[in-house]
Structures are given as structure tokens and as C-alpha cells.
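Residue numbers (this note's numbering), protein chains in the order written: chain A, 1 to 352; chain B, 1 to 352; chain C, 1 to 352; chain D, 1 to 352.
Possibly wrong hints are sitting among the right ones.
Heads up, incomplete: computed chain C residues facing chain B, CB under 7 Å, no partners named [stated by the list, open to error]:
(1) S95
(2) K118
(3) A121
(4) S314
Derived by calculation from the structure, the hints in this document are not laboratory data. Glycine residues also receive a C-beta, built at the ideal position from the N, C-alpha and C atoms.
Protein chains: 4
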Amino acid sequence: MNLGSDNLAGASPKIMAALVEAAHGTQNPYGQDDLSTAARTALNQAFEAHAEIFFVGTGTAANALALAQISKPWSAIFCHATAHINEAEAGAPESLTGGAKIVGIEGAGGKIDVAGLKAAANRFRKGWQPHVQPAVLSLSQVTECGTLYQPGELGALCAFAHEQGLKVHLDGARFANALVALDGTPAELSWKAGIDVLCLGATKDGAMACEAIMFFDPALADEFTWRIKRAGHVLSKGRLLGAQMLAWLDQDHWLDLARQANAMAAQLQAGLSEIEGVELAWPVEANEIFVWLPAALQQRLRAANITYAPWSTSGTSFNGRLPQEGVFARFVTSFATTPDMIKTLLRVATSS
Amino acid sequence: MNLGSDNLAGASPKIMAALVEAAHGTQNPYGQDDLSTAARTALNQAFEAHAEIFFVGTGTAANALALAQISKPWSAIFCHATAHINEAEAGAPESLTGGAKIVGIEGAGGKIDVAGLKAAANRFRKGWQPHVQPAVLSLSQVTECGTLYQPGELGALCAFAHEQGLKVHLDGARFANALVALDGTPAELSWKAGIDVLCLGATKDGAMACEAIMFFDPALADEFTWRIKRAGHVLSKGRLLGAQMLAWLDQDHWLDLARQANAMAAQLQAGLSEIEGVELAWPVEANEIFVWLPAALQQRLRAANITYAPWSTSGTSFNGRLPQEGVFARFVTSFATTPDMIKTLLRVATSS
Amino acid sequence: MNLGSDNLAGASPKIMAALVEAAHGTQNPYGQDDLSTAARTALNQAFEAHAEIFFVGTGTAANALALAQISKPWSAIFCHATAHINEAEAGAPESLTGGAKIVGIEGAGGKIDVAGLKAAANRFRKGWQPHVQPAVLSLSQVTECGTLYQPGELGALCAFAHEQGLKVHLDGARFANALVALDGTPAELSWKAGIDVLCLGATKDGAMACEAIMFFDPALADEFTWRIKRAGHVLSKGRLLGAQMLAWLDQDHWLDLARQANAMAAQLQAGLSEIEGVELAWPVEANEIFVWLPAALQQRLRAANITYAPWSTSGTSFNGRLPQEGVFARFVTSFATTPDMIKTLLRVATSS
Amino acid sequence: MNLGSDNLAGASPKIMAALVEAAHGTQNPYGQDDLSTAARTALNQAFEAHAEIFFVGTGTAANALALAQISKPWSAIFCHATAHINEAEAGAPESLTGGAKIVGIEGAGGKIDVAGLKAAANRFRKGWQPHVQPAVLSLSQVTECGTLYQPGELGALCAFAHEQGLKVHLDGARFANALVALDGTPAELSWKAGIDVLCLGATKDGAMACEAIMFFDPALADEFTWRIKRAGHVLSKGRLLGAQMLAWLDQDHWLDLARQANAMAAQLQAGLSEIEGVELAWPVEANEIFVWLPAALQQRLRAANITYAPWSTSGTSFNGRLPQEGVFARFVTSFATTPDMIKTLLRVATSS
């Protein structure tokens with residue numbers, strides 16, 4: 001059993017069945033197929049939006065291309081220090097923006113607040129040639145610490161960003177997990193809160209490889225078609241992406257998959273928190289759990305071939321004391337995680 | 001019926017079945033899954049090689065990333081004027097190489113010869129600062145005119161390129177179609193002929209989205225892993241690519257698919273060439289047919305909703321006279337083209 | 001004596017005296033000094049313009065940065081095949097534009113005509129994703145063959161370009177030489193003819209290192225200040241550039257320097273054309289002479305240590321027959337070329 | 001009087017005289033002139049080195065091009081958080097490296113220590129695809145806080161960097177000021193300490209515009225000539241740079257200029273530190289002074305038209321308490337600063 005990430009799971013049977021179906025017959029290439037067209041319509045319905053929508057195969061591409069579209073090479077892009085775009089994409093945002101500066105902001109539990117954003121933005125003097133110029137706030141929902149921005153927090157950050165002339169990008173690799181955990185509609189948690197561009201990830205929520213880039217203001221998407229083409233991200237047989245997205249959205253399948261992942265995380269968190277010596281780093285609000293594991297527990301898991309991701313503590317803050325020993329671990333549940341798996345894990349963890 | 005391109009078809013049932021199978025269970029992410037590993041082994045067996053192999057989702061990405069890896073931003077990359085990298089990728093090679101110069105060379109039937117390459121290379125003085133420096137010869141097999149380099153032609157071009165210190169890249173978007181049409185093994189038509197890097201396309205030959213980049217000299221692949229990552233081309237669930245490639249190679253499935261496409265092109269060519277007023281531009285050597293269609297024929301096809309791709313005549317040469325009128329058309333057959341489709345098309349074309 | 005280029009000469013005493021003067025006292029950095037400010041005013045007066053003006057130290061930087069400002073990475077930039085931006089800047093335009101495609105157009109005597117431009121532009125389908133998109137026409141005045149666009153030719157090209165939605169850039173490395181040779185004011189030969197951005201070179205006309213980038217529509221210069229900064233082209237002590245430009249323009253010094261260069265070319269051309277076996281490639285219209293030199297003449301010059309630039313014949317057309325033998329040579333006169341030098345050269349050339 | 005920066009001064013008469021001299025006669029272009037050649041020899045003599053040396057016109061270009069040469073687009077480049085490359089070059093390093101990540105490290109008085117570097121380097125896992133890969137340590141000497149690395153500190157940092165496989169770049173915009181303040185030869189404070197590439201600035205030390213890039217291991221300079229060309233940084237009349245550098249080095253002129261600047265800073269510091277309410281931020285070790293000025297003093301200076309640079313406190317640490325009020329100011333003395341100027345300033349500052 002490996003709970004190191006939600007990208008270790010495969011894809012949901014419903015999505016795969018749709019793919020098989022989509023493999024028949026003639027379709028236009030390059031995202032102009034019927035399935036992609038229908039998927040764009042379905043997304044706009046789900047988000048009560050009139051967004052310009054593009055599909056790509058990876059979250060890194062979605063983020064970097066979206067950021068490139070709303071920045072200049074001389075822009076500063078603000079994000080949390082632990083953001084995926086800052087820490088885990090090998091510099092793809094710098095690459096595809098032409099060298100924009102990603103400015104990491106520290107904050108408790110993987111979250112930026114307005115004060116932190118303001119302090120960071122103030123370091124760059126507007127109109128001053130030697131300074132890169134603030135252009136984008138990039139938020140992650142779910143955050144890289146598994147926490148959530150409440151709708152009010154999201155709104156306040158977007159409002160401040162807009163006052164400063166920044167566009168707001170949301171890395172929604174786990175947007176569905178956030179959506180089912182929070183009180184709000186897709187629209188309320190995106191464009192109504194002030195998000196200008198959403199990278200909506202289906203891959204970690206049961207698809208094989210599908211991410212949507214949604215420009216809620218279509219004017220922001222001007223000429224974007226060439227940006228993705230020349231990054232090599234326009235699939236020849238675009239139906240591969242359209243079919244996944246359509247099945248993912250169909251009859252709230254995306255929400256069902258996310259609810260399953262979140263529920264398993266809650267069960268795991270409940271079990272782990274009863275174990276002596278286990279320290280939870282941050283509240284478990286979606287499908288990720290960050291904990292310090294005592295050495296003995298670590299050994300029991302290893303002996304049972306149960307895997308998690310060792311994690312770094314840099315770039316964020318902790319609410320309580322840091323344990324003197326043990327490993328810092330990330331567990332991520334997915335649509336494919338079952339109650340039996342959680343039970344097995346907890347049984348191993350509590351055995352002696 | 002639309003025969004404008006082989007990317008209008010879907011994917012073969014065998015490949016889709018493999019994908020469904022692959023969607024189950026836990027796998028490592030980022031191309032380290034069991035299927036991708038097995039696919040790399042299978043490719044090396046098929047090519048009698050010890051290549052470093054990477055999988056990406058589009059041919060444009062494969063070409064541009066491979067070219068970037070074997071060039072510098074100040075390189076000249078030579079190719080035929082009609083090459084896909086020069087004409088149909090919206091500048092992706094320029095983008096991902098950091099601005100290398102793609103130098104198009106004209107030549108009959110979409111093919112470069114040594115004299116043409118030599119003349120082009122001589123325009124750039126070696127070691128002279130104001131000139132970009134020759135670094136790469138990029139060939140396409142099948143060419144963009146549907147013709148083939150014979151093994152001897154390939155060998156001569158590669159030999160000359162290597163003498164000049166150039167690396168040789170092969171855009172093999174339709175490599176399988178060439179392979180089944182020519183007398184030679186995968187090895188003979190690639191590294192044994194002098195190809196340094198092959199972009200091997202499965203997508204146009206029955207896969208959904210899968211391209212392999214094969215560095216026959218592993219040293220050429222140094223740090224390539226970051227190059228593809230920061231272009232956003234590392235799939236989170238790499239099994240999507242590995243599964244397709246494995247099924248495509250299994251029991252010569254790739255060759256069967258290509259043979260079907262080529263056979264259909266031969267039938268179509270035979271039929272078309274008997275129609276008065278139809279002029280073939282170049283020999284049909286794989287699965288593409290370029291012809292001038294008389295206006296009346298064009299109308300009959302349109303009335304029957306049979307579609308082809310209108311094509312440009314720039315950048316290449318023709319063997320015979322150019323018709324005074326009519327449309328220049330490309331037909332491409334695929335694994336999914338059937339004898340019945342060809343018969344229907346020819347019946348419409350010859351009706352009056 | 002070396003007449004291979006006009007960049008082999010030094011700088012005019014008047015300009016150097018101004019530089020010495022400028023070295024005293026405190027001035028604002030980064031182009032905000034009094035001299036640069038005055039030079040921008042003087043330029044706008046000379047051109048009857050309200051241009052946004054920036055100074056840089058090299059023509060390559062001026063061209064590449066100006067092109068980057070009026071294009072996108074997915075743009076096609078049209079120029080003559082022999083243009084400096086295409087042949088002699090080691091890919092700087094590709095580099096600083098983020099990989100735009102420089103499309104060389106052939107034409108007699110180094111000149112593009114409307115038909116050639118139209119044919120080139122038609123190769124790229126507007127709005128079609130696989131094609132880079134036409135964005136810029138870049139002309140050179142004086143051309144790389146030493147010829148001139150007459151005002152009417154310039155106007156026709158600009159008018160056609162604007163109809164097509166292209167911006168027009170003028171590489172004016174030898175603009176002063178053109179200006180004194182043609183019937184027209186600076187304004188008539190630039191913005192009134194339809195030039196959107198002029199790179200005006202002082203370096204080859206008697207300055208040490210100074211080029212102005214003039215955006216005749218100030219809106220085109222938006223954020224250009226960061227573009228030049230992050231290319232490292234904002235001089236700390238900007239007075240170096242401002243002082244040169246100011247002295248260059250003062251009391252028509254620039255025109256006097258250019259007239260001297262052009263007059264020397266006329267004398268040299270007159271003398272050479274009387275020598276048997278010397279073939280002029282194109283009309284001598286400014287300060288450059290392109291000729292085939294018979295082998296014997298070549299040897300006499302070498303023996304006398306008189307140097308020219310061996311030149312390539314690629315990319316342009318010739319009016320008459322090509323000599324069977326001899327070297328193709330470029331001579332360029334400068335402000336520092338004297339009648340005595342021309343006499344000496346011609347005496348050597350005609351000795352036997 | 002404006003002491004905000006040492007780039008507000010002009011150039012030394014000796015250097016200007018050399019420039020006037022250099023403006024005569026014919027010279028090869030593009031840095032192949034006799035003066036540049038002699039300047040390279042003189043630099044290698046001064047540094048007891050066999051470096052490959054290139055001249056450019058700005059410090060930003062020198063830094064960014066040097067960094068690009070010793071990194072990959074997927075590299076991490078470590079520097080102090082306040083480093084010029086991180087804070088004051090509008091992203092030029094990101095631009096010219098193709099998007100490398102500049103990682104700012106905090107540290108007291110503008111200085112990095114080994115522990116800080118180690119912690120920063122450890123954030124990036126070697127060989128791990130999602131992480132950019134550590135490649136370069138960039139130090140500034142004089143630092144951006146006007147402090148100095150002692151030879152031992154420099155050696156320890158370079159040794160650690162080399163152990164980690166990093167190359168070391170030195171931003172020596174004020175290297176001469178450091179040299180005359182420290183006990184050591186040019187060699188000892190550069191390559192003997194472990195510096196791989198030195199950007200040696202003459203501009204702030206009395207030249208008009210001249211920076212040398214010195215690759216102490218010539219192998220590191222491979223193909224660098226195209227890198228600077230395609231950034232537009234190869235001067236057509238390279239003598240402009242060669243002449244300045246030659247005069248600057250001649251008879252220790254560079255050291256005399258730097259001594260004058262440092263001596264003036266010492267006088268200013270001595271005077272300021274006696275004024276009640278003035279707080280020195282860091283030791284004054286070269287030609288820069290960072291102080292908090294009480295509001296009253298600030299007003300007196302403004303009334304007397306004496307200017308300094310308001311400064312930011314972010315990115316570094318302070319030894320003592322921070323004043324509750326007042327402005328944080330930078331004063332920089334130059335070769336052109338005189339004892340009379342310092343006396344005037346101090347008289348104004350102490351008047352009441």
C-alpha cells in the first residue's frame with residue numbers, strides 16, 4: 001500500500017469506459033472534437049461561467065502556461081513558499097513565462113494572508129526599472145499542506161490582489177477535494193471569489209491525465225492557443241482529454257470521487273490521532289495528512305510495506321511544538337483508497 | 001468520411017483494452033511505473049538498441065524537446081522546407097530550444113539531398129560569431145510529401161551530417177509506415193543508418209497519444225529529465241503512455257496497423273490515378289497521397305461529404321508539369337481506413 | 001587600409017570632445033541624465049516626431065529588442081533573406097523575441113517588393129494554430145546590398161504591411177547614409193512613410209557606440225523599459241549614449257559624416273568601374289560597393305595591404321551575368337575615409 | 001550633491017583621454033581590436049591568471065551572461081537575498097539563463113555563511129526531477145550592504161560550494177573597493193580563493209561603461225562568444241571597452257580611484273557616527289554607508305540639496321536595535337567625491 005500521493009492511483013472505471021467509447025470514429029484534431037467541445041460546455045455549466053477553456057495533460061503545464069498568459073517575463077508572481085509552482089515543477093513556470101520571478105511567501109499551514117502578501121508586494125517598487133513588477137497572485141486550493149482557504153479568506157486575498165493590479169491564478173490540482181469540503185459552489189470558490197484563471201485538475205481525482213485551464217474573462221485568453229501549441233501541449237487526438245473531462249463531470253462523478261478521498265483521509269486522521277506519539281502538523285481539511293511519526297511506528301509501517309511520502313518542513317509554520325524526533329510524513333488518500341486499506345494501515349500502526 | 005489526416009482516427013481496440021487494464025492499482029508516478037519501464041525495454045528490443053527513452057504525449061513536444069537537447073540556442077537546425085518542425089508546430093522548436101534557427105532546405109518530393117544540405121551548411125561560417133552554428137540535421141521519415149528516404153539516401157545524409165559535426169534527428173511521426181514500406185529493420189532505418197535521436201510516433205499509427213524519444217547514445221540524454229519536466233511534459237500517471245506503447249509494440253501490432261494504412265493508400269492511389277484529370281504530385285510510398293483534383297471531382301466529393309486536406313505547394317518541387325487548375329489535395333489513410341471506405345470514395349469520384 | 005566595413009573606423013573628434021565634456025559632474029543614472037533627455041528632444045525635433053526613444057550600445061540589441069517589443073514569440077517577422085537580423089546577429093532576434101520566426105524573403109539587390117512580401121505572408125494562415133502568425137515587416141535602409149528603397153517603394157511596402165496588420169521595423173544602421181542620398185526628410189523616410197519603429201544607428205556614422213530605438217507611436221513602447229533592463233542594456237552612466245547622440249545630431253553633424261562616406265563610395269565606384277574585369281553587382285547608392293574582383297586585382301590589393309570583405313552571394317539576385325571567376329567583395333567607406341585613400345586604392349588597383 | 005550611488009559620477013580624466021586617443025585609426029571590430037587584446041593581457045597579468053576574458057558595457061549584462069554560462073535553465077543559483085542579481089536587475093539573470101531559479105539566502109550584513117548556504121542547498125534534492133538542481137553560488141564583493149567577505153570567509157564558502165558541485169560567481173561591481181580594503185592580491189581574492197567567474201566592474205570605479213567577465217578556467221568559456229553576441233552585447237567598435245579597461249588598469253589607476261572612494265567613505269562615516277541619533281547599520285568597510293537618519297537631519301540635508309538613496313531593510317539582518325523612527329539611507333562615495341564635499345555634508349548635518 002502506497003499513500004504517498006494521489007497520483008499513484010489509476011483512473012476510475014467510468015472514465016476509462018468513456019475513453020474506450022471515445023476511441024471510435026472520426027473526430028477533428030487539436031481539441032476541436034465533439035467531446036472536448038461538450039466538455040467545455042459542461043464545465044461552464046458547472047461553474048455558471050462563460051470561460052475560455054483549454055485542456056492539457058499535466059498540472060505543471062496548466063499552471064505554467066496559465067501563469068505565462070497573465071504575466072510578463074519581468075513580472076513577480078507571488079505564491080506560498082511551499083507552492084507546487086515554486087517547489088515541485090523544476091522551474092516550469094520560470095521556463096514558460098520567459099523568466100518571471102516566482103516569489104515565495106511564508107505562512108502558517110501553507111496559507112498566505114493579506115499581510116504577508118502586502119509585505120511581499122511592497123518589496124517591489126511600481127514603475128521602477130530595476131525591479132520586476134508585481135503581476136500575479138497564485139493560490140493553491142487545497143494548499144500544499146492539505147489545508148483550505150475558507151471562502152472569506154479567498155475573497156479577501158483576491159480583493160487585495162485586484163486592488164494592487166494583480167491577476168489571481170488558482171492551482172486547483174485538488175479543487176474537487178476542496179469543493180466537497182467547503183460550503184460553496186464551484187462558482188463561489190472560483191470566479192465569484194475573484195479567481196481570474198483556474199487550473200482545474202482531474203488527474204488526481206480519478207482521471208488519467210486531464211487538466212482544464214479556465215479563463216473566466218475570455219479576454220485573458222487572447223492568443224493562448226499559440227502559447228500552448230508552441231509548448232507542445234496541443235494533443236493531436238484531443239478527444240483523449242475531452243472524453244475524460246466529460247465523464248469526470250457527468251452526474252457529479254468528480255464530487256463523488258473527491259468525497260471518497262476526503263472521507264478516507266478523515267478516517268485515517270481519526271485513527272492516527274489516537275496513537276501516542278503521532279503529532280498532526282496541520283488540520284486535515286481535505287485528503288492530505290501531514291504528521292510526525294515516531295520511529296517505532298515508522299518501522300512497523302515499513303515492515304508491512306506501507307508507504308507514505310517523507311516530507312520537508314521548510315517554507316511553512318507549525319501551530320505547536322515540533323517533536324524532537326521522528327519522521328515528517330505525508331499521507332494522501334485518493335478515490336481508490338478503501339476503508340479496508342485504512343483499517344489495515346491503522347491495525348499495523350497500532351500493533352506492537 | 002474525412003481522409004485529411006491520420007490523426008482524425010481514434011485508437012485501436014487492443015491499445016484501448018490495455019489502457020483500461022492499466023488503470024487499475026498503484027503505480028509509481030512520472031514515468032517510473034512498471035508499464036513504462038517494460039515499454040522502454042520492449043522498444044530497445046525492437047530496435048536492437050540501448051537507447052535512453054522518454055515518453056511524451058505529442059509529436060510536437062517530442063520533436064522540440066529532442067532538438068533542444070542536441071542543440072544550443074545559437075544553433076542552426078537544418079530540415080526540409082516543408083518539415084513539420086518548420087511549418088506546422090507554431091514555432092515550438094524555436095520556443096523550446098531557446099531560439100535556435102530552423103533552416104528550411106528545398107528539395108523535390110519533400111526530400112533533402114546531400115548537395116542541398118551542403119549548400120545550406122556552407123552559408124554559416126564555423127566559429128564566426130555573427131553566424132549561428134550548424135548543429136543538427138532533422139529528417140522526416142515518412143516525409144511531409146508522403147515519400148520515403150531509401151536506406152542508402154538516409155545513410156548518405158547522416159554520414160555527411162556527421163562529417164560536418166551535426167547530430168541527426170528523425171521526426172518519425174509515421175516511422176511505422178516507413179518501416180513496413182522499406183526493406184530494413186527498425187535498427188537499420190534508425191541508428192544503424194546514423195540517426196542519433198528518433199522521435200517515434202505511435203499516435204498517428206493507432207495510439208491515442210504516445211510518442212517515444214529515443215537517444216541511441218545515452219550520453220546525449222544527460223539531464224533531459226529536467227528539460228521535459230520544465231516543459232510540463234512529464235505525466236503524473238505515466239502509465240497512460242507506457243501502456244499504449246507496450247500494446248502498440250506487442251506482437252507487431254504497430255506494423256499491422258501501419259500495413260493497413262499503407263495498403264489503403266495504395267488502393268486509393270491506384271483508383272485515383274485512373275481518373276482523367278487527376279495528377280499525382282509525388283509517388284505514393286506510404287500512407288499519404290498528394291494530388292491535383294479537377295474542379296468537377298472536387299464538387300462530387302464535397303456533395304458526398306468526403307473530406308481531404310487542401311494543401312500548400314510551397315517549399316518543395318514537382319516532377320512534372322503543374323495543372324492549370326484544380327485543387328491540390330492531401331489524402332491520408334490510417335489503421336482505421338477500410339476497403340469499403342476506399343471503394344465508396346472511388347465510386348463517388350468516378351460517378352458523373 | 002581596410003575598407004571591409006564602416007565599423008572599422010573610430011569616432012569623430014566632435015563626438016569624442018562631447019564625451020570628454022560629459023564625463024564631468026553628477027548625472028542621474030540609467031538614461032535619466034540631462035544629456036540623454038536633451039538627445040531625445042533633439043531626435044524628436046529632427047524627425048518632427050513625438051516618439052518614445054531609448055538608447056542602447058549596439059545595433060544588434062536595438063534591432064532585437066525593438067522586434068521583441070512589436071511581436072509575440074509565435075510571430076513571423078518578414079525581412080530580406082540577407083537582412084542583418086537574419087544573417088549576422090547570431091540569432092539575437094530569435095533570442096530576445098522568445099523564439100519568433102525570422103522569415104527571409106529573396107529579392108534583387110537586397111530589396112523586398114510587395115509581391116514577394118505578399119507571397120511570404122500568404123504561407124501563414126491567419127488564426128491557424130499550427131502556423132506562426134505574421135506580425136512584423138523588417139526593412140533595412142540602406143539595404144545589406146548597399147541599395148536604397150526609394151520613398152515610393154518604402155511607402156508601398158509599409159502600406160501593404162499595415163493592411164495585413166503587420167508593424168514595420170526599420171533597421172537604420174546606415175539611415176544617415178540613406179537620408180543624404182535620397183530626396184526626403186527624416187520624417188518622410190520614417191514615420192511618414194509608415195515606419196512604426198526605427199533603429200537609428202550612429203555607430204557606423206561616426207559615433208563610438210550609440211543606437212536609438214524610436215517608437216513613433218509611444219503606445220508601442222509600453223513596458224519597454226523592463227525589456228531593455230532585463231537584457232542588460234541599460235547603461236549605468238547613460239550619459240555615454242546621450243552625449244554621443246547629442247553631438248551627432250548637433251548642427252547636422254550626422255549628415256556631414258554620412259555625406260563624406262557616400263562621396264568616397266561614389267569616387268571609389270567611379271574608379272573601379274573603369275577597370276577591366278571589375279563587375280559591379282548592384283548600383284552604388286550609399287556607402288557600400290559590391291563587386292567581383294578579378295584574381296590579378298585581388299593580388300595587387302593584398303600585396304599593398306588593402307583589405308575589403310569577401311562576401312556571400314546567397315539570398316539575393318543579380319541584374320546581370322555572374323563572372324566565372326574572381327572574388328565577390330564588399331567595400332564600405334566611412335566618415336573617416338579620405339580622397340587620398342581612394343586614390344591610393346585605385347592607383348594600386350590599376351597598376352600592373 | 002548626490003551621494004546616492006557611485007554611478008552618478010562621470011569618468012576619470014585619464015580614462016577619457018585614453019578614449020579620445022582610441023578614437024583614431026582603423027581597428028578590428030567585435031572586441032578583436034588591439035586595445036581589447038592588450039586589456040585582456042593586462043588583466044591576466046594583474047590577476048596572475050590565464051583567464052578567458054570578455055568585455056561588456058553593463059554590470060547587469062556581465063552578471064547575467066556569466067551566470068547563464070555556468071548554469072542550466074533548470075539550475076538553482078544561490079545568492080544573498082539582497083544581491084543585485086536578485087533585487088536590482090529586473091530579472092535579467094532569469095531572462096538570460098532561460099529561467100534559472102535565483103534563490104535568495106538571508107544573512108547578517110549582506111553576507112552569506114556556510115550554514116545558510118548549506119540549508120538552502122539542502123532544500124533541493126539532487127537528481128530529483130521535480131526540483132531545480134543546485135549549480136551556482138553567486139557572491140558579491142563588496143556586498144550590497146557595503147560589507148566585505150574576509151579572505152577566509154570567501155575561501156570557506158567557495159570550498160563548500162565546490163564540494164557540492166557548485167560553480168562560484170563573484171559580482172565584483174565594486175571589486176576594486178574591496179581589493180584596496182582587504183589584505184590580498186587580485187588573485188588571492190578571486191581564483192585562489194575559489195572564484196570560478198569574476199564580473200569585474202570598472203564603471204563604478206571611474207570608467208564610463210566597462211565590465212570584464214573573467215573565466216579563470218578557460219574551458220568554462222566554451223561558446224560564450226555566441227551567448228554574448230545573441231544578447232546584443234558585442235560592441236561593434238570594441239575599442240570603446242578595451243581602451244577604458246587598459247587605462248583603468250594602467251599604473252594602478254583602478255586602485256587609486258578605489259582608495260579615494262573608500263577614504264571619503266571613512267571620513268563620512270567618522271563624521272556621521274558622532275552625530276546624535278545617527279545609527280550605523282553595518283560596519284563601513286569600503287565605499288558604502290548605511291545609516292538611519294533622524295528626521296531633523298533628513299530635513300537639513302534636503303534643504304541643502306544633499307541627496308542620498310532611501311533604502312529597503314528587507315533581506316538582511318542588523319546587529320543592534322532598530323531605531324523607532326527616521327529614514328534608512330545609503331550613501332556611496334566615488335572616485336569623484338572630495339574631502340570638501342564630505343566637509344560640506346557634515347557641516348550641514350551638524351548645523352542646527
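A quick look at each hint next to the structure:
1. S95: With Cβ-Cβ at 4 Å, under 7 Å, it holds.
2. K118: violated (13 Å)
3. A121: Violated: closest Cβ of chain B sits about 12 Å from C/A121, beyond 7 Å.
4. S314: Holds. Min distance 5 Å.
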